[in-house]
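K.L.:
Please put together the full structure from these sequences, using the hints given.
Those protein sequence lines, which keep their order, are chains C and A.
Residue numbers for the first sequence, in the working numbering: 1 to 218.
Residue numbers for the second sequence, in the working numbering: 1001 to 1161.
No wet-lab data here; the hints were simulated from the structure.
Incorrect hints may appear among the rest.
[Stated by the list, open to error] Within a straight-line C-alpha distance of at most 25 Å, the following computed SDA-like cross-link-like pairs (lysine to any residue) qualify:
#, chain 1, residue 1, chain 2, residue 2
1, C, K186, A, A1115
2, C, K186, A, E1109
3, C, K186, C, P153
4, C, K143, C, Q71
5, C, K186, A, K1149
6, C, K186, A, S1128
7, C, K186, A, Q1110
8, A, K1149, A, G1071
9, C, K186, A, S1111
10, C, K143, C, G158
11, C, K186, A, Q1133
12, C, K186, C, T160
13, C, K186, C, P163
14, C, K186, A, A1056
15, C, K186, A, F1142
16, A, K1149, A, I1055
17, A, K1149, A, V1063
18, C, K143, C, N47
19, C, K143, C, G194
20, C, K186, A, R1124
21, C, K186, C, G59
22, C, K186, A, G1135
23, C, K186, A, T1116
24, C, K186, A, A1122
25, C, K143, C, F108
26, C, K186, A, H1137
27, C, K186, A, D1038
28, C, K186, A, Q1121
29, C, K186, C, A55
30, C, K186, C, V68
31, C, K186, A, V1125
32, A, K1149, A, Q1133
33, A, K1149, A, T1116
34, C, K186, A, A1140
35, A, K1149, A, Q1161
The primary structure of each chain is shown beneath.
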Amino acid sequence: MNLTLRCLCLGLLTIAAALISSCGGGGGGGSSTPPVTFTCTPPSGSNSVVLAVDAGPTGANGAPIANVVNQSYVTINVYVPSKGSCQTIDHVWVDTGSVGLRLFRSAFTDTLPLPQVSGNAVANCAQFVLGFSWGAVRTADVKIGGETAASVPIQIIGDTAVPATAPASCSSGTGGASNGLTTAAKMGANGMLGIGVFRCPVSTTPVPAAPVRRSACR
Amino acid sequence: MTSIPTHGSARSRAGTLTGCLLAGLLVPGIASAALGQDSSTVERDVTQLRAQRSIAQSSAFSVHELQLPGGTRVREYLTAAQQVFAVTWSGPSIPDLQQLLGTYFPRFEQSAARATGRGRQAIRVQESDLVIQSGGHSRAFFGMAYLPKSVPTGVRIDQIQ
Chain C
1 MNLTLRCLCL
11 GLLTIAAALI
21 SSCGGGGGGG
31 SSTPPVTFTC
41 TPPSGSNSVV
51 LAVDAGPTGA
61 NGAPIANVVN
71 QSYVTINVYV
81 PSKGSCQTID
91 HVWVDTGSVG
101 LRLFRSAFTD
111 TLPLPQVSGN
121 AVANCAQFVL
131 GFSWGAVRTA
141 DVKIGGETAA
151 SVPIQIIGDT
161 AVPATAPASC
171 SSGTGGASNG
181 LTTAAKMGAN
191 GMLGIGVFRC
201 PVSTTPVPAA
211 PVRRSACR
Chain A
1001 MTSIPTHGSA
1011 RSRAGTLTGC
1021 LLAGLLVPGI
1031 ASAALGQDSS
1041 TVERDVTQLR
1051 AQRSIAQSSA
1061 FSVHELQLPG
1071 GTRVREYLTA
1081 AQQVFAVTWS
1091 GPSIPDLQQL
1101 LGTYFPRFEQ
1111 SAARATGRGR
1121 QAIRVQESDL
1131 VIQSGGHSRA
1141 FFGMAYLPKS
1151 VPTGVRIDQI
1161 Q
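P.N.:
Written out as structure tokens, the structure is:
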């Protein structure tokens, strides 16, 4: 399949512009199929961001590290206090089913200067139907589009501040420890942005309190 | 419906504080699991999962319902001979399936390894002696596992919920 970069122009973010080869163009696949043209008008405003659908993050050789299809990504910025600037992290998977921002340690080009939530390292384990994410919780200023959320807790997957192995009580139900979303290649993204549009779809009873899946590690 | 028993919450907090220790304890071999085993393994599940249990009896089988501290409900179905022939789960988190599936867990793990749907693909095992289905999304998971050859005569699969 021709993985021509398509863009769903939900907005225009200067920093993310390099991610998108063109806006308003696009290509179709096979030789007998006429090209499909996408036309879009980017909305303006600080609360919008480009949503990209492409082959996912690339490695040092420029080739995709995972064969990803039909996955949408955004580019975000995380403020790194020691550098006094933001680091741009591309290919963050937009997930409608979860809540919160999870980023791989490998996506950071510098040390992780983000302060811990508290004195002890706090680890979080998030379950998905297939696979889990496990890592330390840190606080960070996160900028998406033109807006910044200050001091929000985020998860750093692969953070050595916490044990490398997730508790079996979390990992086993999602397919076991060996099937976790433990690397960017396995996730097909440099992180995950859960925008949480779901509520329980089949019940009118209140949504149960979120399960506590945090561990304090000494 | 989803209120959490007081003493269960207290133990949950204690468990949270020692999460890393617990992670070390929940290793294969220490705790036998339920599917295919006798009712004594249900007792161990109640302990390991820090659950509250209620039991319902019908003519063909009994249902041991386990309410977990995080709000997830587990049901274990036992034959008249006290063998667990099915397990179901529903709730905001997926229970420890290594615990509940026991010797069948590796086949669940192998099925997951073959799947490619990063995060959101349902996991299925569909074989003559074992059926497992796991699905849902964050905060609303559900699933079931049963042994087709052990289902009591006259019991329909849709009675396992």
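K.L.:
Next step is simple, just say for each hint if it's right about the structure.
P.N.:
Okay, the hints, checked on the actual structure:
{"no.": "1", "hint": "C/K186 with A/A1115", "verdict": "holds, 12 Å"}
{"no.": "2", "hint": "C/K186 with A/E1109", "verdict": "holds, 16 Å"}
{"no.": "3", "hint": "C/K186 with C/P153", "verdict": "holds, 23 Å"}
{"no.": "4", "hint": "C/K143 with C/Q71", "verdict": "holds, 21 Å"}
{"no.": "5", "hint": "C/K186 with A/K1149", "verdict": "violated, 36 Å"}
{"no.": "6", "hint": "C/K186 with A/S1128", "verdict": "violated, 31 Å"}
{"no.": "7", "hint": "C/K186 with A/Q1110", "verdict": "holds, 16 Å"}
{"no.": "8", "hint": "A/K1149 with A/G1071", "verdict": "violated, 31 Å"}
{"no.": "9", "hint": "C/K186 with A/S1111", "verdict": "holds, 16 Å"}
{"no.": "10", "hint": "C/K143 with C/G158", "verdict": "holds, 22 Å"}
{"no.": "11", "hint": "C/K186 with A/Q1133", "verdict": "holds, 22 Å"}
{"no.": "12", "hint": "C/K186 with C/T160", "verdict": "holds, 19 Å"}
{"no.": "13", "hint": "C/K186 with C/P163", "verdict": "holds, 19 Å"}
{"no.": "14", "hint": "C/K186 with A/A1056", "verdict": "violated, 43 Å"}
{"no.": "15", "hint": "C/K186 with A/F1142", "verdict": "holds, 24 Å"}
{"no.": "16", "hint": "A/K1149 with A/I1055", "verdict": "holds, 23 Å"}
{"no.": "17", "hint": "A/K1149 with A/V1063", "verdict": "holds, 18 Å"}
{"no.": "18", "hint": "C/K143 with C/N47", "verdict": "holds, 10 Å"}
{"no.": "19", "hint": "C/K143 with C/G194", "verdict": "holds, 15 Å"}
{"no.": "20", "hint": "C/K186 with A/R1124", "verdict": "holds, 20 Å"}
{"no.": "21", "hint": "C/K186 with C/G59", "verdict": "holds, 13 Å"}
{"no.": "22", "hint": "C/K186 with A/G1135", "verdict": "holds, 19 Å"}
{"no.": "23", "hint": "C/K186 with A/T1116", "verdict": "holds, 9 Å"}
{"no.": "24", "hint": "C/K186 with A/A1122", "verdict": "holds, 16 Å"}
{"no.": "25", "hint": "C/K143 with C/F108", "verdict": "holds, 15 Å"}
{"no.": "26", "hint": "C/K186 with A/H1137", "verdict": "holds, 19 Å"}
{"no.": "27", "hint": "C/K186 with A/D1038", "verdict": "violated, 38 Å"}
{"no.": "28", "hint": "C/K186 with A/Q1121", "verdict": "holds, 14 Å"}
{"no.": "29", "hint": "C/K186 with C/A55", "verdict": "holds, 14 Å"}
{"no.": "30", "hint": "C/K186 with C/V68", "verdict": "holds, 10 Å"}
{"no.": "31", "hint": "C/K186 with A/V1125", "verdict": "holds, 22 Å"}
{"no.": "32", "hint": "A/K1149 with A/Q1133", "verdict": "holds, 17 Å"}
{"no.": "33", "hint": "A/K1149 with A/T1116", "verdict": "violated, 29 Å"}
{"no.": "34", "hint": "C/K186 with A/A1140", "verdict": "holds, 23 Å"}
{"no.": "35", "hint": "A/K1149 with A/Q1161", "verdict": "holds, 18 Å"}
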